[in-house]
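Protein chains: 2
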Amino acid sequence: MRSVSIVGIGQSPVGELWNRSARQIAYDAISAAMADAQIDNADALYLGNMLSGSLLDQEHLATLVADYCGLRGIEAAKVEAACASGSAALRVGMMAVASGFHDVVIVAGLEKMTDTVGKDTTAGLATAADAETEVLHGVSFVGLNALIMQRYMFEYDVPLDAFAGFSINAHRNGANNPNAMFQEAITRETYVRAPVIASPINMMDSSPVCDGSAALVLVATERARQFTRGRHVGAVRILGSASATDSIAVHDRRDPLFLQAAETSYRKAISQAGIHQNEIDFFEVHDAFTIMSALSLEACGFARRGEGWRMAQEDEIGIQGRLPLSTMGGLKSRGHPVGATGVYQVVEAVQQLRGEAGDNQVPGARLGMTQNIGGSGATILTHILGT
Amino acid sequence: MRSVSIVGIGQSPVGELWNRSARQIAYDAISAAMADAQIDNADALYLGNMLSGSLLDQEHLATLVADYCGLRGIEAAKVEAACASGSAALRVGMMAVASGFHDVVIVAGLEKMTDTVGKDTTAGLATAADAETEVLHGVSFVGLNALIMQRYMFEYDVPLDAFAGFSINAHRNGANNPNAMFQEAITRETYVRAPVIASPINMMDSSPVCDGSAALVLVATERARQFTRGRHVGAVRILGSASATDSIAVHDRRDPLFLQAAETSYRKAISQAGIHQNEIDFFEVHDAFTIMSALSLEACGFARRGEGWRMAQEDEIGIQGRLPLSTMGGLKSRGHPVGATGVYQVVEAVQQLRGEAGDNQVPGARLGMTQNIGGSGATILTHILGT
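Protein chains in written order, with my numbering: chain A, 1 to 387; chain B, 1 to 387.
Please keep in mind that the hints were generated in silico from the structure rather than gathered at the bench. All figures in this text were calculated on a predicted structure; none of them were measured in a lab. Heads up, the beta-carbon is just placed ideally off N, CA and C, and yes, glycines get one too. Some hints here could point you the wrong way.
Going by beta-carbon spacing under 10 Å, a handful of chain B positions derived as facing chain A [what the hints assert, rightly or not]:
(1) ALA32
(2) LEU45
(3) LEU51
(4) GLU75
(5) LYS78
(6) SER247
(7) HIS251
Some chain B residues flagged as far from chain A (calculated, every beta-carbon gap over 12 Å) [claimed, not checked]:
(8) TYR156
(9) THR187
(10) ARG229
(11) ASP252
Starting from the given sequences, assemble the full structure and let the hints guide the process.
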């Protein structure tokens with residue numbers, strides 16, 4: 001099996017991009033990644049996307065995007081795993097390079113969630129849950145997360161504002177990211193006064209509906225140098241990669257407060273990378289809702305059960321903290337264009353590892369971790385990246 | 001790179017399966033494939049599906065199916081490439097095994113197109129075309145194929161009933177396939193009298209809307225024997241596999257009557273397999289419409305340009321013919337549950353190569369080819385299988 005490295009990254013700004021159609025947003029990210037890797041063609045495009053069928057009336061999306069990006073002829077396929085689609089596409093791209101099927105592969109994530117005529121984005125997001133046993137009863141996706149958060153607060157006797165620090169941290173970091181949807185810091189008061197969406201989840205617990213695309217260029221590590229020639233930065237290696245699943249319906253889980261697939265994929269990924277937990281310099285966590293940050297930290301063993309929320313302090317998760325989280329704003333502040341998020345996380349991890357993260361640079365970052373969650377924990381992928 | 005073999009096959013009957021939900025249909029196929037391979041677990045499930053988002057309000061489908069099939073925990077992802085989704089999923093499964101990422105992989109295709117409440121299947125199928133430059137103008141998917149067929153008939157001065165033989169052959173073979181949707185032979189008169197759907201395409205030129213699922217178990221060839229122990233049949237090896245794309249919109253192609261992606265993927269696949277065209281014993285062609293059979297035969301060089309329709313005779317494409325086509329009924333008679341079709345083709349090719357094709361057995365079949373087309377030719381995958 002060949003080791004796989006990332007030699008190009010690109011991203012579109014995240015936001016309500018009403019003047020750009022889905023294919024144009026993807027072009028912005030893919031052309032930037034190709035320029036970064038100094039390539040003008042590739043062997044294949046694997047595109048993470050969740051909602052193009054339900055919101056855009058467009059399937060066959062990977063071929064369409066390849067065509068629009070001037071890559072007509074290459075292999076193309078869309079990969080879907082709800083909000084984990086982006087990192088699921090990365091897995092496929094890795095397998096394509098590791099196996100030797102292809103030498104130069106583009107992995108992109110794309111989601112267009114706004115400006116969708118006659119479509120209901122909330123209903124679209126609910127397709128991540130079980131249509132027959134969950135959604136049929138009227139629960140939305142934020143509703144499911146709210147039930148989990150409520151249970152967590154009850155079981156562990158946690159106050160409502162305990163989660164504020166995750167949101168404050170994300171916005172503090174997003175304020176320095178020119179591609180973030182919200183480039184504005186918030187205070188504890190902003191959080192406390194935020195309108196409730198689905199009790200106890202408020203606007204500041206929840207990531208936004210938005211558009212965006214991010215892209216990576218993958219090659220075999222042994223050939224990476226020819227793509228980084230003449231540049232001050234080297235390739236970033238994917239040291240660990242794992243995917244695991246759980247029951248799709250929350251009520252089917254043995255313990256709805258434990259992300260089994262996070263633990264499984266995390267343990268596999270660090271074992272592949274051959275590293276210890278305390279070597280991880282930063283963590284791009286899947287903070288779609290603040291409760292997911294707490295549960296992810298607990299499942300991976302960064303915090304004890306019921307105590308993940310205690311890490312939501314600047315000296316713990318800030319850029320200078322013990323384990324910096326959401327270093328470019330995370331899903332909360334950079335934004336969460338669902339099928340693209342997993343790729344944004346990896347693009348941002350590469351920025352950190354290259355020392356290109358600007359004001360948000362984690363000092364001396366050598367090992368980064370990303371975790372991407374589909375549904376309310378049913379599909380979880382963990383990646384470890386290093387220089 | 002490890003060579004990949006198929007050690008298990010399974011399929012559900014194809015039809016309007018109103019008493020089975022999507023997950024149940026997938027279970028029928030996957031459990032049969034697992035029993036065939038004598039396994040009770042797997043490392044990953046890659047699921048080809050096109051329409052679950054637009055017709056079933058269900059994404060996150062691969063994880064849902066893994067969960068329902070008792071495979072909770074394993075890696076799962078859905079792969080989409082319009083009507084070529086099934087074989088695109090097979091590519092991903094192959095890469096997973098070839099790279100060493102996984103040892104035992106299930107590849108399945110699944111589509112539920114009937115009994116979809118409040119959804120428009122014709123609109124769903126049109127998502128394979130370009131929503132912004134084709135579908136916006138009101139063309140349906142069958143309409144696009146009708147325009148291609150009309151142009152073909154004009155350019156090459158071909159009469160309307162020239163394509164009848166493809167349909168007659170498919171139904172003759174489907175009559176002996178217990179899983180086929182239509183198990184009834186048709187005559188030339190049935191074809192000539194068939195109602196027109198989109199001129200010149202009639203009911204007998206067109207594959208049906210239906211439900212179905214098919215599944216494969218993949219392992220490394222070097223380990224295949226342990227899965228076939230004690231059985232009279234061996235593993236079937238995937239000798240060639242390639243995917244290619246073209247412009248998504250038909251009007252963007254240099255020549256709308258030439259399937260460039262068919263030629264490209266075909267040439268790559270036979271080159272990998274190291275075989276010559278005349279060694280291929282049968283061909284599971286993508287006969288979604290009779291015109292596609294003609295164009296596919298021409299692009300792969302089995303017939304000259306403008307003469308693919310001349311092969312539509314029993315002594316050419318029948319079970320005893322020079323190049324048997326659609327040996328178990330093809331898309332026309334077995335049925336075309338779109339995201340599952342690519343996997344059905346491979347399952348049927350394995351039946352032939354194992355000598356398990358019953359009354360439709362191609363005598364001495366050693367090398368089989370499958371070709372799966374997404375959209376009106378924008379994504380085409382070719383596989384070569386052998387014993």
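Check the structure against each numbered hint from earlier and tell me which ones fail, lowest number first. 1, 7, 11
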